[in-house]
Amino acid sequence: MAAVEVRDLRKRYGSFLALDGVSLTAQTGQLVTLLGPSGCGKSTTLRCLAGFLDPDGGSISIDGSDILGVPANRRGFGVVFQNYALFPHMTVAGNIGYGLKLQKRPKTEMAERIADAMRLVRLQGLEDRYPRQISGGQQQRVALARALVLRPRLLLLDEPLANLDARLRDEVRWLIRDVQQESGITAFYVTHDQSEAMAMSDMVAVMKEGRVAQFATPREIYQKPVERYVADFTGEANFLSCTRVAPVAGGYDIEVAGAHLRVAGVPGIRDRAELLLRPEALSIAPDTGQALFQGRVEKLAFLGASQHCEVRLPDGGALKLAVQANRPVGVGDQAGIRIDSEHAWLMPEVRQ
Amino acid sequence: MTRGARLRLLLALPAVALIFVFMVLPITNMVEMSFRTLGTTAPFGDSYTTGHYSRILSDGYYWQVLLRSLVTALLVTLLCLLVSYPIAWHMSKAHGFKAVMLYALIASPLMTGVLVRNFGWMIVTALNGPLNETLLGLGIIERPLRLLFTQGLVVLALVHVFVPFMVLPINNALRNIPPALVEASSSMGANRWQAFRDVILPLSFPGIYPGVILVFVLSIAAYVTPALLGGQMVSYMPTLIVAELNGTFRWPLGSALAIVLAVVTLICVAAFTLLTAKLMEKSRA
Ligand SMILES: Nc1ncnc2c1ncn2[C@@H]1O[C@H](COP(=O)(O)OP(=O)(O)OP(=O)(O)O)[C@@H](O)[C@H]1O
Ligand SMILES: [Mg+2]
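Taken in sequence, the protein lines are chains B and U. Residue 1 is where the first sequence starts when you use the numbering used here, and the numbers rise one by one after that. Residue 1 is where the second sequence starts when you use the numbering used here, and the numbers rise one by one after that.
In isolation and in its complexed conformation, chain B is listed as follows (with noise of 0.2 angstroms):
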């Protein structure tokens, strides 16, 4: 169907430079999700692949060619909104037939094919009805069954679920991700939620500043993020500084706070180093002897199937983890530490 390749895509804004050679791959059928903070070039490099803004430089490639010269009204790319970008003086129905009139489909193909579209994204009923006499979720169901009926190549989706509340979210997040895998759909996904971002994609781009920081499945970004900058926009992490870094035969080994430690890690670290370990690495110890930190319980939250405990060290550094719900844990405790080293992960410290 369709592999994309993204290569080097440079945009500039005046002399704001808002992409900064952004390179990725999608194989057919994936979706490939771009994560990253307000401002970090996602929507731009989304806008370059539909066409509806053109790089100052790099290239995009649809199935081997070129399609950087193809107007967006060539590239039969379905796009979705953040604010859904519905004709509000058509019809639901006319909203997700506008296409297919362009291409002057038969009558009868059309009111099928429209049908099928509103089925799909479970909209029976409406059709009739104009944008604003519909809900936030089911707008933004026509944006995708809009999106979906021309049969795109590829789909690209602009922080679709921004604008929903919670529940919504969830329900046609799966919704998305139901269809795009049933019709083996390449699919672009912009987000700034992580959670979002880890549960729908094949792959993930964290983009920062323009560039892509790392490219790689979800459990990759999560569990071996190349830097601290992924590693922090991924999900909670601990971050500890090492005293001393050995390479070793497929890791490393550490001495952090005090304790030594063989570790897995980014390749090629050669002197400073920080350690990370995600809260459900880190348990309380039953007893002080399988504890490799010692420190005093500072703050403690009750969530309901957790407890979420920070824990300040000796050397000054604190350690945030999950404690089970029941767990007899007070503020002020003495707590011994226990990391599961299979869930720790080296990374080059960056000096701020």
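To be clear, the hints were calculated from the coordinates, so they are not data collected in a lab. Note that CB positions come from ideal geometry on N, CA and C, so glycine has one too. Don't take every hint at face value.
Rough simulated footprint, nothing fancy, chain B against chain U, three-plus residues with beta-carbon under 8 angstroms [to be verified]:
no., segment
1, 28-36
2, 173-182
3, 196-209
Far from chain B, some chain U residues (derived; all Cβ distances over 10 angstroms) [to be verified]:
no., residue
4, 23
5, 60
6, 86
7, 89
8, 94
9, 103
10, 104
11, 118
12, 129
13, 147
14, 224
15, 264
16, 275
17, 279
18, 283
Take the given structure of chain B and dock chain U with the ligands to it, following the hints.
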């Protein structure tokens, strides 16, 4: 009555008083005048008649003038729309200093008084005026063009002065169309023309509508421009009305003509509103 309601009434009072004194009273007076008989020593007589209306409606001359006024106003409106739309489009895309300059330029026809502006046209378009001299000098024409005192010049001058009334509301409406809508249509295969026809044009209707109404009403009621630039040969409703009121002093007849013009204008506006009600309702997002 609650305090809030009383306050609201009090706030409405100045407006109501203004409309009553400057609109309801004069119109009532005019309607009454239009049913009076003609007088011999005064501008109007003492008794009442419907004769003026039947005379206007049965006399082909009045129909002809009314028709001319209507066609002229329609033409001015249409030309204004055609000229203004691209300007409004351009303006809606402008920002900062460029936008300010454009606003100033657009408003410039309104910055000169009506008499000065029309005398300007007279001087420019006179047989031995600068326009003819230049064209003759350049060898583009052999004989001076007769522009002054033609219907064409009246239309041109009216379009010139009414363009701002069309540009501003359309510019406003265009600015309110989210760019994403055009992008959405192009992602669905629409070329620039199709995007304009299917998205921009219908969604700019909330600006076209007031522009059309304003320009139509203003041009059908325009007096000074047709009087100065149209010459003695052709009459428009307003010039005819003024002639009856100030020239022949047949106030009842002049009033009846004015009422006829007002009613016809109102019918036109109502018809346009009704015909476009559905589009208006849909395009008001
Ligand atoms: N038309 C423009 N003119 C100038 N600068 C722009 C323009 N569009 C975007 N930018 C800048 O380019 C950068 C990238 O913008 P972009 O819209 O791609 O960000 P984003 O990652 O989508 O952010 P968000 O999550 O807020 O949507 C931003 O810093 C933005 O200010
Ligand atoms: Mg964005």
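Going through the hints against the structure:
1. 28-36: violated (count 0)
2. 173-182: holds (count 3)
3. 196-209: holds (count 4)
4. 23: Fine: 35 angstroms to the nearest Cβ keeps residue 23 (chain U) off the interface.
5. 60: 44 angstroms, holds
6. 86: 22 angstroms, holds
7. 89: For residue 89 (chain U), whose nearest Cβ neighbour in chain B is about 18 angstroms away, the distance exceeds 10 angstroms, so it holds.
8. 94: Given a closest Cβ separation of 17 angstroms, the condition holds.
9. 103: 24 angstroms, holds
10. 104: 26 angstroms, holds
11. 118: 41 angstroms, holds
12. 129: 48 angstroms, holds
13. 147: Check passes; 43 angstroms lies beyond 10 angstroms.
14. 224: For residue 224 (chain U), whose nearest Cβ neighbour in chain B is about 40 angstroms away, the distance exceeds 10 angstroms, so it holds.
15. 264: Consistent with the label, residue 264 (chain U) stays out of reach of chain B, its closest Cβ about 31 angstroms off (over 10 angstroms).
16. 275: 16 angstroms, holds
17. 279: Since the minimum Cβ distance to chain B is about 8 angstroms, residue 279 (chain U) lies within 10 angstroms and the statement is violated.
18. 283: 5 angstroms, violated
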